[in-house]
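Trainee: Spelled out, the chains give:
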Amino acid sequence: MRPMEFHEPATLDAAAALLAADGEARCLAGGATLVAMMNARLVEPSALVSLRRIEELRGIDAEGDGFCIGAMTPHRVTAADGRLAGGHAVVREAAAVIANPSVRNMGTMGGSIAFADPAADYPPALVAIGAEIEIVARDGQRRIGAADFFTDWYETVLGPGELISAIHLPGAPAGAVGVYDKLARVEGDFATASAAVVLAMAGDACSHLSIAVGGCGPTPLRLAEAESALIGSGLDAEAVQRAGEMLAQASDPVDDVRASADYRRLVIPRLVARAISRAITGARAVL
Amino acid sequence: MKIEDSFIVQASRDRVWAAIIDPERIAPCIPGCESIEISGPNCYRARVSFAVGPIKASFNLEVEVTEETPPSFVASTTRGEEGTRASVLTAHNELHLVTLEDGSTEVRYVSDVSIVGRLGRFGLGVMKKKAAALGVEFAEAFRARVEQDEAA
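Chains as they are written, first to last, in the numbering used here: chain A, -12 to 274; chain B, 10 to 161.
None of these hints come from the bench; they were simulated from the model.
Source: prediction; values computed, not measured.
A hint or two may mislead.
In silico SDA-like pairs for lysine to any residue, Cα to Cα no more than 20 Å straight-line [what the hints assert, rightly or not]: (1) Lys137/B / Pro205/A; (2) Lys139/B / Asp243/A; (3) Lys11/B / Asp243/A.
Here chain A stands alone, though its shape is the one from the complex:
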């Protein structure tokens, strides 16, 4: 085993400079995944750049009608923030069902999405709410929509020397309700499949809808045809089922220890229907 350097910069600039200087260095956020992978010798970084001491990466701030979530905000904090209500509740609900209390204490939103496990909880929630990921490098910063941030199995647009600084949640439509529904073998497991829904009703008709399916392909799955088929409708059970089947058709799940690909395709419509049904109930309560 080769020796590894450990850095604990106090500023984002210093962290970006360290990453720029060493292409094999990795950011250490909460360590919930990275340290486990290092223990399994799956990754062997030349250096760890801990983000723990960088204050500006922590906490959730209101930003217009939306929120700015610092990349180092632990899941526990996100799960407990009552301001993440309405459409934004999709992110809070996702945070609340990640793994177990120990992981929710240590793990961070930036760390989770940088690893981009397709069965993780944040990716579909952030895609459903239309979040933007803020990325910093030594020579500047950029923002990219969550749907474009995830590119393949465990792969993102993050290049060498880049790190996630914040996640911006845009404002949600008035009266919107966000729901995250996860099917897992046991509580705290990665999702066998999951559905994130942000929905608003105008009277009996659906006025806004986004659906993102997790755990059933390389990246969260969102399908414009499935959503447009439902927007303006009364969301009757048959139409919702058909939209769920379109998503199942477009999915690309794996066979793994959690479930077969066929099983995942089978549960997608049911999971989507369950999430939409709960969102409708929530939206009626808001009206």
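Position chain B relative to chain A; hints supplied.
Mentor: Coordinates of chain B only, in the frame set by chain A:
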């Protein structure tokens, strides 16, 4: 895990066969193949690297051709390990060349791969998707190569 696919090359079966058995021509088509050399009769040694997300792996592979029926069939076994023996890979591969009605050639391959060790702990479901994607990448590179040689 079993990886099975096929692709069509616009060239005669003899031409495709000649390319398949020529390490100099096939190596550049294999994604992540850094070197290949003939290590004995029907034996090749290759170094191949790939990455899944943050996980990078580099294997030293020994490929032995176990059965050959020119110009239509070749079977081989692959054995290899990472430099540190952290993972061990074994594979049985079969490749069929079939002449189609229009004179082009269909390449069908099936590979039964097992990986034990550190990479085995990582989800095999994703590994299989990755392997299938590499297979498609190889097919495109190989087809382009043979069709380009054909045109030359």
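Trainee: Please go over all the hints and tell whether each is borne out by the structure.
Mentor: Hints versus structure:
1. Lys137/B / Pro205/A: Distance ~12 Å between Lys137/B and Pro205/A Cα, so the pair holds.
2. Lys139/B / Asp243/A: Holds, at about 14 Å.
3. Lys11/B / Asp243/A: Distance ~14 Å between Lys11/B and Asp243/A Cα, so the pair holds.
Comparing the model with each numbered hint stated earlier shows that all of them hold.
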